[in-house]
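Please put together the full structure from these sequences, using the hints given.
Residue numbers (this note's numbering), protein chains in the order written: chain A, 14 to 154; chain B, 16 to 179; chain C, 140 to 464.
Honestly, the hints are just simulated from the structure, not real lab data. Mixed in with the good hints there might be a few duds.
[Claimed, not checked] Straight-line alpha carbon distances no greater than 25 Å define the calculated DSS-like cross-link-like pairs of lysine-lysine that follow:
1. Lys-98(A) with Lys-146(B)
2. Lys-341(C) with Lys-377(C)
3. Lys-108(B) with Lys-75(A)
4. Lys-341(C) with Lys-304(C)
5. Lys-108(B) with Lys-228(C)
6. Lys-225(C) with Lys-254(C)
7. Lys-147(A) with Lys-132(A)
8. Lys-108(B) with Lys-225(C)
9. Lys-98(A) with Lys-167(B)
10. Lys-167(B) with Lys-76(A)
11. Lys-357(C) with Lys-277(C)
12. Lys-254(C) with Lys-237(C)
13. Lys-76(A) with Lys-166(B)
14. Lys-248(C) with Lys-277(C)
15. Lys-66(B) with Lys-237(C)
16. Lys-66(B) with Lys-248(C)
17. Lys-341(C) with Lys-225(C)
18. Lys-254(C) with Lys-277(C)
19. Lys-66(B) with Lys-174(B)
20. Lys-377(C) with Lys-392(C)
21. Lys-251(C) with Lys-341(C)
22. Lys-355(C) with Lys-304(C)
23. Lys-304(C) with Lys-108(B)
24. Lys-392(C) with Lys-357(C)
25. Lys-75(A) with Lys-167(B)
26. Lys-355(C) with Lys-341(C)
27. Lys-355(C) with Lys-377(C)
28. Lys-357(C) with Lys-377(C)
29. Lys-79(A) with Lys-167(B)
30. Lys-166(B) with Lys-79(A)
31. Lys-66(B) with Lys-146(B)
32. Lys-237(C) with Lys-108(B)
33. Lys-304(C) with Lys-359(C)
34. Lys-174(B) with Lys-147(A)
35. Lys-392(C) with Lys-277(C)
36. Lys-108(B) with Lys-90(A)
37. Lys-174(B) with Lys-98(A)
38. Lys-251(C) with Lys-377(C)
39. Lys-359(C) with Lys-248(C)
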Amino acid sequence: MKRGQAEIIGLVIVVLLLVFALIFFVKIKGFEDDNESRLIRSNLRANSALNALMKVHIENDKKQMKDLVDDCITASKDCDSVERKLREALLYAFEDNINYNLTVYRGDVADISLGRTCKSSINASPFIIRSNGKVELKICT
Amino acid sequence: MSINHRGQLEIGITTMVLIVFIVLLLLSLILYFKFTYLELEEDRTTLLDQKYNSILSVIIGLPEFRCSRGGIESECLDAAKLSAFSGVYASNKEHYGNIFGTVNGIWVDVPVNDVNNLNYPDQGRFSVYGKADLKGGIYSVPVSLYYPESKKYKIGILKIRGEL
Amino acid sequence: MVSRLNKKGIAITFDWMFSIVAGVLIFSFLIYFAVQNTDLFGKVTARIVSEELDILFSGYETAQVSTVLDFGREATLDFRCDEINKRQKFMINDREGKNLWGKIIFAPKNVKSDKINVATASWNAPFRVANFVYLWDKRYLLDYDSDLELPEWVNPSASGDINIKFARDSSLALSSSSSFDCSYNFRTSNNEEYDKVIYYDKNPSDDDVRGYVCFKGKEKSFFYGEAMMIGAIFSESKIEFDCVKDIAVDRLKIVNDIYTKKVSNLIISDRSCNPNFGASYNNAVHEIDNNGMLEKDFDSFDFGYVNRIRSANQNLISTGCAGVY
Chain A
14 MKRGQAEIIG
24 LVIVVLLLVF
34 ALIFFVKIKG
44 FEDDNESRLI
54 RSNLRANSAL
64 NALMKVHIEN
74 DKKQMKDLVD
84 DCITASKDCD
94 SVERKLREAL
104 LYAFEDNINY
114 NLTVYRGDVA
124 DISLGRTCKS
134 SINASPFIIR
144 SNGKVELKIC
154 T
Chain B
16 MSINHRGQLE
26 IGITTMVLIV
36 FIVLLLLSLI
46 LYFKFTYLEL
56 EEDRTTLLDQ
66 KYNSILSVII
76 GLPEFRCSRG
86 GIESECLDAA
96 KLSAFSGVYA
106 SNKEHYGNIF
116 GTVNGIWVDV
126 PVNDVNNLNY
136 PDQGRFSVYG
146 KADLKGGIYS
156 VPVSLYYPES
166 KKYKIGILKI
176 RGEL
Chain C
140 MVSRLNKKGI
150 AITFDWMFSI
160 VAGVLIFSFL
170 IYFAVQNTDL
180 FGKVTARIVS
190 EELDILFSGY
200 ETAQVSTVLD
210 FGREATLDFR
220 CDEINKRQKF
230 MINDREGKNL
240 WGKIIFAPKN
250 VKSDKINVAT
260 ASWNAPFRVA
270 NFVYLWDKRY
280 LLDYDSDLEL
290 PEWVNPSASG
300 DINIKFARDS
310 SLALSSSSSF
320 DCSYNFRTSN
330 NEEYDKVIYY
340 DKNPSDDDVR
350 GYVCFKGKEK
360 SFFYGEAMMI
370 GAIFSESKIE
380 FDCVKDIAVD
390 RLKIVNDIYT
400 KKVSNLIISD
410 RSCNPNFGAS
420 YNNAVHEIDN
430 NGMLEKDFDS
440 FDFGYVNRIR
450 SANQNLISTG
460 CAGVY
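Have a look at this one:
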């Protein structure tokens, strides 16, 4: 092989390697920014869902879900019933193919946990229950 | 080696070099476009997500739908207004077509009510824009529905049909 | 000899072909990469910024904000209002633009700065009709009495590019549009003419305002509500202000229509409401469905109309019925 040909081949390979390196670098940098803005925007959906779940009036009950959760946290009253009613409300709120995780905290302790564990998720702002409790909803991505 | 053979050898070598180069180039092009396609898909999902979130935030905030009591608004949709909206939409199609025109349909389903019931307050579906049965995927969001006459909240599913 | 030379020549030709093909391909790759990352004379940036601003304005429609848009370098936003089609449009750096469907923005025709102020205010009549969005870059010298409470972000400067006088005039309650005249002799402390004079009267029930804006050239334009009055501060001319105002009034008619139809739903469905107070519903319907008020010229929109709706609504709520708004 002539020296000239070998040199050109070498040049081409170097240029191609540089181009790919630059592409990967740009992609990795860009990907991080996109992820952040996606999380902020999609949070709206999770917040709307949690708001709807907590405000809903339970059938044959004068109380809202948030009041039932409050009773469960403060007086450990009817927590099994609350868990069942949350599960029913979640069935209405989410279709089968949407994975979520809803957790009711008494202080820092998870009292009720429904749904699946998410590897990555979009989190709603915690819904604060007046008596040292909160409800967190994560929609798995 | 004779000059004839040397020339032939050089042609052969150059041809081989050309073939190797073209193969390398094709492989790199395939790899590049594959990554570009993945990136475009990611961008598309992000933009669609952005678009639907934008429509969602507009709908939740419009005074045509937002619930209030004594002038104080809260984070919910007013079912009585949603029921009344179809009449208003009919006389302002162009206005709402411009606001929602990028999607095929927007409606709110009430899972605890019968979807075929068209009578408020037991109405199972409130139509906002377009039609529910056109083509396209559905982006759905649970929303809080307020019924002012009974002062009760139900869960509604706001559905947007469009490109997915 | 000739065939030996030909083969040698072909070999050289192959070398050249290869070099040229390789060179062209490498060059194309570099050009493609460069094009991907350049701005095509600012068009790409303008397009992206216009899409982002449109989404931002959508968000402002539903929230009360006061902020500054920092573009990093000087940007020019041009706002145009189409009186015939009743729509607004904006352009970025004279390149890309978008129609502002469903949004109501009060701004000078030309806003040019690296930092542009943005704020919103809710327009109520008496129910919320829309959030007005305001954009501005200049400084405004506002001359007003302490009885007028403007939002903090209006931020009157000690000196301004634009001088505006606010004058309270109680006789506005009794006067009609045809009788009001923009003859004024107000002058600034430097004995200059004001760019605008805003005459207003206050609603004793809720401190909201109505009145007339007098632009340069003594052209008058009616306004109702503090949000609309603030819009008059940032509008440069009567034509622009009237155009945006017309879009706002169309929104008022739509929202009004919604409430009229909502009342019809409530009359049928509110079983907890004492039937004796059914008359209250009808009163509310009568007030809201008072087409005379909205079908007439908007200039006749008065405090009495708004107060009657508010009163009917409060009456309903206090008697245990569902409020209209």
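Hint-by-hint comparison with the structure:
Restraint check for Lys-98(A) and Lys-146(B): the C-alpha separation of about 32 Å exceeds 25 Å, so the hint is violated. At roughly 22 Å between alpha-carbon atoms, Lys-341(C) and Lys-377(C) fall within 25 Å of each other, so this suggested pair holds. As the CA atoms of Lys-108(B) and Lys-75(A) are separated by approximately 39 Å, the hinted pair breaks the 25 Å bound. Restraint check for Lys-341(C) and Lys-304(C): the C-alpha separation of about 16 Å stays at or below 25 Å, so the hint holds.
A threshold of 25 Å between alpha carbons decides the hint, and for Lys-108(B) with Lys-228(C) the separation of about 20 Å falls inside it, so the pair holds. Of the supplied pair hints, the one linking Lys-225(C) and Lys-254(C) is violated, its CA atoms being roughly 29 Å apart against a limit of 25 Å. Only pairs whose Cα atoms come within 25 Å are accepted, and Lys-147(A) paired with Lys-132(A) is accepted, the gap being roughly 22 Å. Annotation: proposed proximity of Lys-108(B) to Lys-225(C) holds, straight-line Cα distance about 15 Å (limit 25 Å).
Simply put, Lys-98(A) and Lys-167(B) have alpha-carbon atoms about 17 Å apart, close enough for the 25 Å limit, and the pair holds. Distance hint between Lys-167(B) and Lys-76(A) is fulfilled; the C-alpha atoms sit about 9 Å from each other, no more than 25 Å. Distance hint between Lys-357(C) and Lys-277(C) is fulfilled; the C-alpha atoms sit about 22 Å from each other, no more than 25 Å. Taking the CA atoms of Lys-254(C) and Lys-237(C), the gap is about 20 Å. The hint holds against a cut of 25 Å.
Proximity of Lys-76(A) to Lys-166(B) is assessed by CA-CA distance (about 11 Å); at most 25 Å being required, the pair is judged to hold. Simply put, Lys-248(C) and Lys-277(C) have alpha-carbon atoms about 12 Å apart, close enough for the 25 Å limit, and the pair holds. For the given pair, Lys-66(B) sits about 15 Å from Lys-237(C) by alpha-carbon distance, which is consistent with the 25 Å threshold. This hinted pair does not check out: Lys-66(B) and Lys-248(C) have alpha carbons roughly 28 Å apart, beyond 25 Å.
Restraint check: the Cα-Cα separation between Lys-341(C) and Lys-225(C) comes to about 29 Å, which exceeds 25 Å; the hinted pair is violated. Of the pairs offered as hints, the one joining Lys-254(C) and Lys-277(C) holds, with about 11 Å between alpha carbons and a cut-off of 25 Å not exceeded. At roughly 14 Å between alpha-carbon atoms, Lys-66(B) and Lys-174(B) fall within 25 Å of each other, so this suggested pair holds. Taken as a hint, the Lys-377(C) and Lys-392(C) pair is honoured in the structure, with Cα atoms around 22 Å apart against an allowance of 25 Å.
Our distance criterion of 25 Å between C-alpha atoms is broken by Lys-251(C) and Lys-341(C), whose separation comes to about 34 Å. Distance hint between Lys-355(C) and Lys-304(C) is fulfilled; the C-alpha atoms sit about 12 Å from each other, no more than 25 Å. Only pairs whose Cα atoms come within 25 Å are accepted, and Lys-304(C) paired with Lys-108(B) is rejected, the gap being roughly 41 Å. Pair hint Lys-392(C) plus Lys-357(C) does not hold up; C-alpha atoms about 29 Å apart against a cutoff of 25 Å.
Restraint check for Lys-75(A) and Lys-167(B): satisfied, since their Cα atoms lie roughly 9 Å apart, inside the 25 Å limit. The hinted pair formed by Lys-355(C) and Lys-341(C) meets the criterion: a straight-line CA distance of about 24 Å does not exceed 25 Å. For a cut-off of 25 Å, the pair hint linking Lys-355(C) to Lys-377(C) stands: about 9 Å separates their Cα positions. At roughly 10 Å between alpha-carbon atoms, Lys-357(C) and Lys-377(C) fall within 25 Å of each other, so this suggested pair holds.
In summary, the hint linking Lys-79(A) to Lys-167(B) is supported, as the alpha carbons are separated by about 13 Å, within the 25 Å threshold. With a C-alpha separation of about 16 Å, the suggested pairing of Lys-166(B) with Lys-79(A) holds against the 25 Å cut-off. At roughly 19 Å between alpha-carbon atoms, Lys-66(B) and Lys-146(B) fall within 25 Å of each other, so this suggested pair holds. Proposed proximity of Lys-237(C) and Lys-108(B) is supported: the alpha carbons are some 20 Å apart, at most 25 Å.
Proposed proximity of Lys-304(C) and Lys-359(C) is supported: the alpha carbons are some 14 Å apart, at most 25 Å. For a cut-off of 25 Å, the pair hint linking Lys-174(B) to Lys-147(A) is broken: about 28 Å separates their Cα positions. A threshold of 25 Å between alpha carbons decides the hint, and for Lys-392(C) with Lys-277(C) the separation of about 33 Å lies outside it, so the pair is violated. Taking the CA atoms of Lys-108(B) and Lys-90(A), the gap is near 51 Å; set against the 25 Å cutoff, the hint is violated.
Distance restraint check for Lys-174(B) and Lys-98(A): the Cα-Cα separation of roughly 24 Å lies within the 25 Å cut-off, and the hinted pair is therefore satisfied. A distance of roughly 21 Å separates the Cα atoms of Lys-251(C) and Lys-377(C); the hinted pair therefore holds under the 25 Å criterion. At roughly 19 Å between alpha-carbon atoms, Lys-359(C) and Lys-248(C) fall within 25 Å of each other, so this suggested pair holds.
Checked against the numbered hints listed earlier, the structure breaks hints 1, 3, 6, 16, 17, 21, 23, 24, 34, 35, 36; every other hint is satisfied.
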